Amino acid sequence: MNQKILSIDDSKTIRLLLARMFRPFQVELREAGNGEEGLAQAKQVRPDLIILDYNMPVMDGVTMLQHLRHDPQLKSIPVIMLTAESNPKIISTVARLGVRDYIVKPFQEQPLIAKVSKIIPLQPQVPASS
Amino acid sequence: MINPLSQQELIQIANRSVPEVWRTQLQKEIQPSPNLNLPLPSPRIATVAWTCSNASGEMVLTIPSAGAQLVAQTLLGTSGNYVSEDTDLDDVVGELCNMIAGRVSTELRNRGFTGTLHPPLPTRALPSGTANPSTPTVCLTHWTCGDYTFTFSIDIRPNAS
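Protein chains in written order, with the numbering used here: chain Z, 903 to 1032; chain U, 260 to 420.
It is possible that some hints are incorrect.
In silico contact screen, one side only, chain U against chain Z (beta carbon under 7 Å); selected entries [what the hints assert, rightly or not]:
(1) VAL280
(2) LEU329
(3) VAL351
Beyond 10 Å from chain U on every Cβ pair, some chain Z residues (computed) [claimed, not checked]:
(4) ARG948
(5) GLN975
(6) ILE979
(7) GLY1000
Rather than coming from a laboratory, the hints here were simulated on the basis of the structure. Keep in mind that this is a model prediction, so the values were computed, not measured. Don't be surprised by glycine CBs; every beta carbon is placed ideally from N, CA and C.
Can you make the complete structure from the sequences, with help from the hints?
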C-alpha cells in the first residue's frame, strides 16, 4: 500500500523536487502551497507523514503545526520540517510541538530520504510488467 | 547606530553562502566573477527581506532567464521542463534566494543579529538592455556557473531610531 506524504511548501520548485525524489518509491504525494491549504489536505487525506515549510504566506508552518496538534484526528501525524529558517527559537517551538526532524535548506536528497524512511516504510516502486 | 556588519564581513558571508547552496542543492561549483558592469540579459530577480530588532535589509538574487532555466533543469531533471511560465521561473529563483538567505541569516545570528526571513518576492524582469536597479547595496557579489553569470547582494541597514 502506498504511503501518503503531504508536502506543504509555498515553492512549487520544492514540491516538484520532492515529487521527483519520491518517484522511485511507493508513495502517494499530495501538495499544498501554505499552512491553511495543508491543514485542509491533512483532514481530507490523513497522510502518513507531512513535510512542512516554515515561511509561507497565508499560514506559516508553526501555526499550521499548532492547529494540527490540537485536532484529535490529526495530532499524531509525524511531521518533518524542511525550511531555510534555522532560528533556534523556531526550532525549539516546533520541537515542543513534536516535530520528528528539522532539515535546513539547502538539503541533499539521500539524507532526507533516510530520515523519511526512519518514520515511514519506503518501498521501491514495482516495475510495470510487460 | 552603526551598520551591523562591515561590507567586508557581508562579502565574506556571501562568499560562503552562495557557493554552498549551488554545491549542496545543485551539485555545481561556482566561481567568483569579475564585475564587468554589464546588465544581465532578461534578468530574473528575487528578493528576501530580513528583519531583526535593530536592523533590517534585503538579499537579492539576480540571474538571467537562461541561467534560471539551466538551474531548474539541474534541480528537477526532466521535471525542469515545467518552467515554461514566468511565474515558475520566478519560483525557482525565489527558492534559491530563500536558501541563500537562510544561510546568510544563520551567519548573521552567529554574530548576534537574530532576524526573521520573509517569503521570497519575485521582481519582474527589466527590459532587455536595462541596467540592474541602482540600490544602496552594501555588498554585491558576482558569480559564474558554466555558461551563465549571476549576482547576489546583501543590504543590511540599522533601523531608524
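Okay, the hints, checked on the actual structure:
no.: 1; hint: VAL280; in the structure: holds (5 Å)
no.: 2; hint: LEU329; in the structure: violated (14 Å)
no.: 3; hint: VAL351; in the structure: holds (5 Å)
no.: 4; hint: ARG948; in the structure: holds (27 Å)
no.: 5; hint: GLN975; in the structure: holds (29 Å)
no.: 6; hint: ILE979; in the structure: holds (24 Å)
no.: 7; hint: GLY1000; in the structure: holds (23 Å)
Checked against the numbered hints above, the structure violates only hint 2.
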